[in-house]
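**Q** Turn these sequences into a full structure, and let the hints steer you where they fit.
In the order they appear, the protein sequences are chains L and V. Mapping of the first sequence onto my numbering: residues 1 to 267, in sequence order. Mapping of the second sequence onto my numbering: residues 268 to 402, in sequence order.
Keep in mind the hints are simulated off the structure, nothing from the lab. Each hint should be verified, as a subset may be incorrect.
With a straight-line Cα cutoff of 27 Å, these simulated DSSO-like cross-link-like pairs (lysine-lysine) come out [as the list claims (entries may be wrong)]: (1) L:132 x L:238; (2) V:294 x L:19; (3) L:157 x V:314; (4) L:38 x V:294; (5) V:294 x L:101; (6) V:338 x V:357; (7) L:191 x V:314; (8) L:165 x V:357; (9) L:165 x V:326; (10) L:162 x V:314; (11) L:191 x V:374; (12) V:314 x L:165; (13) V:326 x L:191.
So the derived list for chain L, only partly shown, Cβ under 8 Å to chain V, looks like this [said to hold, decoys possible]: (14) 32; (15) 37; (16) 46; (17) 50; (18) 71.
Every residue gets a Cβ at the ideal spot worked out from N, C-alpha and C, and that includes glycine.
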Amino acid sequence: MIDIVRQKINELLSDGSVKGVVALATANGHVTPCLFQKDDNLNTLCLGDTKKPGDARYPLNKVLITIARQYPNDVFGVLVRGCDERGLYTLYRLNQLEPDKVVTIGIACSEELAKACECKKPYPDELVAGEKIKGITQQGVQDMEDMDLSKRFSFWKDQFLKCVKCYGCRDICPMCFCRECSLECDDLISKGELPVDIPVFHLTRAMHMADRCIDCGLCDETCPSDIPLRLLYKKTSKIMNAEFGFTSGINKNEQSPLSLMGPASGK
Amino acid sequence: MDYRNTLTTCTYCGCGCNLFLESLDGKLTHTTPCKTSPVNEGKLCIKGWNVHQFVQSEKRLKQPLLRKDGKLTEVSWDEALDFTALKLKKIKEANGADSVGFFASAKVTNEENYLMQKFARAAIGTNSVDHCARL
Numbered sequence: 001m002i003d004i005v006r007q008k009i010n011e012l013l014s015d016g017s018v019k020g021v022v023a024l025a026t027a028n029g030h031v032t033p034c035l036f037q038k039d040d041n042l043n044t045l046c047l048g049d050t051k052k053p054g055d056a057r058y059p060l061n062k063v064l065i066t067i068a069r070q071y072p073n074d075v076f077g078v079l080v081r082g083c084d085e086r087g088l089y090t091l092y093r094l095n096q097l098e099p100d101k102v103v104t105i106g107i108a109c110s111e112e113l114a115k116a117c118e119c120k121k122p123y124p125d126e127l128v129a130g131e132k133i134k135g136i137t138q139q140g141v142q143d144m145e146d147m148d149l150s151k152r153f154s155f156w157k158d159q160f161l162k163c164v165k166c167y168g169c170r171d172i173c174p175m176c177f178c179r180e181c182s183l184e185c186d187d188l189i190s191k192g193e194l195p196v197d198i199p200v201f202h203l204t205r206a207m208h209m210a211d212r213c214i215d216c217g218l219c220d221e222t223c224p225s226d227i228p229l230r231l232l233y234k235k236t237s238k239i240m241n242a243e244f245g246f247t248s249g250i251n252k253n254e255q256s257p258l259s260l261m262g263p264a265s266g267k
Numbered sequence: 268m269d270y271r272n273t274l275t276t277c278t279y280c281g282c283g284c285n286l287f288l289e290s291l292d293g294k295l296t297h298t299t300p301c302k303t304s305p306v307n308e309g310k311l312c313i314k315g316w317n318v319h320q321f322v323q324s325e326k327r328l329k330q331p332l333l334r335k336d337g338k339l340t341e342v343s344w345d346e347a348l349d350f351t352a353l354k355l356k357k358i359k360e361a362n363g364a365d366s367v368g369f370f371a372s373a374k375v376t377n378e379e380n381y382l383m384q385k386f387a388r389a390a391i392g393t394n395s396v397d398h399c400a401r402l
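**A** See below:
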């Protein structure tokens with residue numbers, strides 16, 4: 001798979017259709033996000049699999065936003081899995097990236113990774129390498145909903161109590177691009193104090209993720225307290241889907257119902 | 268266009284979390300924890316996540332300061348070092364080597380801390396060495 005990806009990146013860079021490609025590389029024995037440019041050595045390219053498939057994924061869309069803000073007129077390539085592509089669709093919708101300035105190099109996830117993520121769509125629409133495998137039926141939210149209400153309440157309270165307020169869930173999130181963040185708003189959150197405001201801190205973030213979260217799971221992986229954040233956001237996404245029939249990042253040009261709210265028509 | 272992720276170690280405490288300092292055209296833009304590091308496995312605390320910020324902080328001291336007539340004044344490194352060396356000598360002569368204490372830092376490298384204690388023990392002659400994590 002990696003040879004096909006390498007060849008594709010080489011083509012894009014050689015014919016000048018992109019200025020650079022955001023991907024992953026091996027350097028100093030570690031996997032690192034990087035920008036490949038023309039004449040760079042592509043032998044260091046890697047896909048983020050080390051001990052387990054996809055265990056060294058990084059928020060490449062976040063890197064792309066940083067570069068695109070500085071170089072708005074250039075076209076860049078980016079390595080994407082299913083979740084990353086959903087992320088791009090969402091970032092286009094929220095005007096953070098321009099679709100005609102982005103070329104994707106899509107790779108499919110392995111069954112093992114898809115299962116671990118409970119991923120509904122473990123492949124991008126535009127696939128360059130890998131075999132599409134079927135989406136996984138999600139069970140985690142249902143299991144949680146089956147739990148007795150008082151038990152569920154104490155479960156989440158205990159989880160939130162573990163929070164050390166590192167803001168890592170926000171800082172790693174490829175969907176968090178705001179220059180001003182509600183989690184740093186003095187009226188909502190007591191800054192610099194522990195324990196964290198329960199449940200305001202986590203639910204504020206969960207609300208903001210409702211039409212944004214593309215279920216990549218990077219928040220879960222970076223949480224030093226192992227709070228099941230992804231499960232929380234899966235629930236808000238489920239509500240969005242049940243109430244509005246909307247799932248973030250599934251359809252390229254679909255607007256979020258939360259963005260459409262405005263003055264009633266006819267006024 | 269110069270985009271880099273530089274692998275380094277967090278300067279805040281002794282845990283030694285590995286992180287990438289992201290830079291674009293020579294300016295630091297973000298910190299990302301290193302997932303393949305056996306120390307922190309892709310996790311950081313709030314200080315680590317923001318470690319790139321102090322480097323470019325406007326509040327950061329860029330020159331040594333010397334108190335002249337009760338006011339902190341920017342001086343050259345030569346002047347600051349001459350002043351410090353002279354004062355240390357005088358204090359040692361007047362009150363003995365153990366009247367001087369040395370505070371090292373968790374924010375500098377192991378090697379720099381080594382030099383600090385070496386200077387304390389060999390040049391001044393005291394074992395009074397401590398570090399900021401116990402302040």
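**Q** The structure should be examined with respect to each hint, and the outcome stated for every one.
**A** Against the structure, the hints come out as follows:
no. : hint          : verdict
1   : L:132 x L:238 : holds, 24 Å
2   : V:294 x L:19  : holds, 20 Å
3   : L:157 x V:314 : holds, 25 Å
4   : L:38 x V:294  : holds, 22 Å
5   : V:294 x L:101 : holds, 23 Å
6   : V:338 x V:357 : holds, 22 Å
7   : L:191 x V:314 : holds, 14 Å
8   : L:165 x V:357 : violated, 48 Å
9   : L:165 x V:326 : holds, 25 Å
10  : L:162 x V:314 : holds, 18 Å
11  : L:191 x V:374 : holds, 24 Å
12  : V:314 x L:165 : holds, 11 Å
13  : V:326 x L:191 : holds, 21 Å
14  : 32            : holds, 5 Å
15  : 37            : holds, 7 Å
16  : 46            : violated, 10 Å
17  : 50            : holds, 6 Å
18  : 71            : holds, 7 Å
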